[in-house]
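Trainee: Sequence lines, in order, name chains A and B.
Following our numbering, the numbering of the first sequence begins with 7 at its first residue and continues without gaps.
Following our numbering, the numbering of the second sequence begins with 28 at its first residue and continues without gaps.
Note that these hints are calculated values from the structure, not bench results.
Quick caveat: nothing in here was measured; it's all calculated off a predicted structure.
Some clues are possibly wrong.
Stated by the list, open to error - Distance condition first, Cα-Cα at most 27 Å in a straight line; then the derived DSS-like pairs of lysine-lysine:
{"no.": "1", "chain 1": "B", "residue 1": "Lys-302", "chain 2": "A", "residue 2": "Lys-17"}
{"no.": "2", "chain 1": "A", "residue 1": "Lys-51", "chain 2": "B", "residue 2": "Lys-164"}
{"no.": "3", "chain 1": "B", "residue 1": "Lys-157", "chain 2": "A", "residue 2": "Lys-51"}
{"no.": "4", "chain 1": "B", "residue 1": "Lys-118", "chain 2": "A", "residue 2": "Lys-14"}
{"no.": "5", "chain 1": "B", "residue 1": "Lys-78", "chain 2": "B", "residue 2": "Lys-255"}
{"no.": "6", "chain 1": "B", "residue 1": "Lys-84", "chain 2": "B", "residue 2": "Lys-255"}
{"no.": "7", "chain 1": "A", "residue 1": "Lys-141", "chain 2": "B", "residue 2": "Lys-302"}
{"no.": "8", "chain 1": "B", "residue 1": "Lys-78", "chain 2": "B", "residue 2": "Lys-64"}
{"no.": "9", "chain 1": "A", "residue 1": "Lys-170", "chain 2": "B", "residue 2": "Lys-164"}
{"no.": "10", "chain 1": "B", "residue 1": "Lys-78", "chain 2": "B", "residue 2": "Lys-164"}
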Amino acid sequence: MRERWVEKFIKFYLPLLVFLFVLLFPFYWMFITAFKSDGELYNLKLNPFLIHEPTLHNVIMLFKETLFNQWMVNTFFVSILATLLSLGASLLAAYSIQRLRFRTSGTIGISIFFGYLVPPTILFIPLATIIFELKLWDSLWSLVLVYPTFLIPFCTWLLMGYFKSIPKEMEECAMIDGASRFRVFWQIVVPLALPGILSAGIFAFTLSWNEFLYALTFISTNTQKTVPVGLITELVRGDVYHWGPLMTGALLASVPVALVYSFFVEHYVAGMTGALKE
Amino acid sequence: MGVAFVTPAMILLLLFLAYPLILGIWLGFTNALVGRKGEFIGLGNYISLLKDALFWKVTYFTFLYTIAAVFFKLLLGFALAIVLNRDFRAKGFVRATVLLPWIIPTVLSAICFWWLFDTTFSGITWVLIKAGLISHKIDYLGDPLNAQICLIIANVWRGIPFFTIGLLAGLQTINPTLYEAASIDGAGGWYRFRHVTLPLVSPLLAVVTTFSAIWTFADFQLIWVITKGGPANATHLYGTLSFQRAIPGGQFGEGAAISAFILPVLVVCVLICYKYMRREE
């Protein structure tokens with residue numbers, strides 16, 4: 007049955023275009039603001055949806071007058087370490103829950119997953135006292151240790167689903183041939199699960215990059231801040247908002263996440279839906 | 028052996044998730060301050076909160092925000108999933124684009140909304156004035172009701188992709204012959220949706236909605252960036268009020284007591300998820 011063009015337009019293209027416009031418009035607004043001068047930004051006579059005289063002034067100010075560089079480095083540092091730590095722990099945990107069934111493995115699997123639902127707004131105050139006791143206050147290491155609380159549950163759950171789809175027989179053959187459990191894990195399971203590990207890693211990286219509340223609570227020194235916290239606390243001083251550099255910072259800080267995402271979009275979607283369906 | 032493999036994850040989760048969860052409940056019963064342990068004061072924090080009109084105002088907005096935002100995310104996210112559930116050119120590209128609001132750091136998109144809701148320089152106002160629809164500028168974030176609506180809009184914008192991509196995965200598993208069979212029996216579009224689509228995606232729908240509900244209820248970032256709880260405390264959620272009291276305010280005990288009000292909702296969400304995931308197995 008072929009739809010007539012008009013009908014298809016009303017039922018499909020029109021709603022699609024409206025949705026895309028609404029979902030993408032804020033990015034356009036961010037983009038054009040980043041390349042406007044203050045004079046243009048605050049001139050009400052000009053059309054605000056166009057850039058009349060593009061300028062790199064905001065980019066220069068962001069790099070010269072703030073620690074944007076340092077914040078980016080900090081965020082990379084925390085995101086990569088937290089991701090690696092969580093991936094390692096989750097791989098072992100997921101494998102053991104899924105394959106080495108022991109007495110409480112089912113319960114542990116379910117409780118790890120529910121850990122993912124616990125929101126940071128419940129945990130940040132007690133965590134602040136713990137971080138203080140551990141003398142990690144104002145240190146990026148506090149974030150490396152705390153981020154796994156939401157990364158491990160997610161990654162473990164995702165990888166458990168993945169291990170379920172890998173046939174057991176190869177592992178059993180290797181065991182019969184005398185390989186140790188750890189060797190089987192390292193040389194057979196990990197390579198086979200690589201797509202799953204990649205999905206989990208990408209997710210963990212973007213979740214760490216986006217985290218805000220813990221970073222805002224535990225870090226107060228300017229040189230230790232992550233990008234989201236740095237932008238909000240250093241570019242908004244009282245009633246003075248530096249809109250241009252703020253938008254530029256938001257745009258630039260979104261780039262690493264957007265890049266990771268665009269390269270691995272299939273893994274990302276698979277990870278998201280896989281975790282939901284399992 | 029199995030236990031050894033699971034140990035690293037368990038240590039991290041016990042130390043930084045389970046222990047703080049319990050410690051937080053304990054702190055709610057104390058008068059702890061920043062850097063001071065505090066003493067047990069029983070229900071003191073809770074009694075003073077329940078007597079405080081501000082706390083009730085925050086409770087009202089927390090529920091309003093959650094219910095309104097989840098409702099519209101569900102409605103629009105599901106609608107977009109249905110629109111996308113067909114073959115068309117650039118399908119992959121469009122789906123990837125749709126997810127952008129979800130993957131871009133919330134703080135950064137919140138900054139953008141903040142600027143978009145600027146009273147004087149908002150592009151929305153500019154369009155409305157040019158179109159002759161309004162004559163005065165809109166005070167987006169200075170008026171309590173407007174600010175509440177703006178925050179709900181920003182939250183809906185950010186959450187639509189999660190519903191869309193989640194539900195799309197469910198829609199794609201529905202066997203097309205079911206629709207054909209229904210059509211042959213004379214079922215119209217709405218009937219097919221109501222009696223084929225909805226029953227088949229409802230378990231997934233429940234899980235996606237529950238996830239979104241707890242995240243929205245315990246939200247922090249959007250509010251903290253755009254309004255910081257203002258104007259006149261009209262847009263505080265439990266999360267932001269708790270932060271304000273505990274971190275700049277130094278009242279750890281009171282902050283923990285406010286956060287504790289998120290717990291019952293969390294428990295309900297966990298139970299709902301558990302029920303549906305059990306059924307799936």
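Trainee: Now tell me if each hint is right for this structure.
Mentor: Tested hints:
As the CA atoms of Lys-302 (chain B) and Lys-17 (chain A) are separated by approximately 36 Å, the hinted pair breaks the 27 Å bound. A C-alpha spacing of about 15 Å is found between Lys-51 (chain A) and Lys-164 (chain B), which places the hinted pair at or below 27 Å, so the restraint holds. Proposed proximity of Lys-157 (chain B) and Lys-51 (chain A) is supported: the alpha carbons are some 11 Å apart, at most 27 Å. The suggested pairing of Lys-118 (chain B) with Lys-14 (chain A) holds, with an alpha-carbon distance near 16 Å, which does not exceed 27 Å.
The suggested pairing of Lys-78 (chain B) with Lys-255 (chain B) holds, with an alpha-carbon distance near 23 Å, which does not exceed 27 Å. Simply put, Lys-84 (chain B) and Lys-255 (chain B) have alpha-carbon atoms about 15 Å apart, close enough for the 27 Å limit, and the pair holds. For the proposed pair Lys-141 (chain A) and Lys-302 (chain B), the alpha carbon gap of about 41 Å is over 27 Å, so the pair is violated. For the hint pairing Lys-78 (chain B) with Lys-64 (chain B), the CA-to-CA distance comes to about 25 Å; that is within 27 Å, so the pair holds.
A C-alpha spacing of about 58 Å is found between Lys-170 (chain A) and Lys-164 (chain B), which places the hinted pair above 27 Å, so the restraint is violated. Taking the CA atoms of Lys-78 (chain B) and Lys-164 (chain B), the gap is near 38 Å; set against the 27 Å cutoff, the hint is violated.
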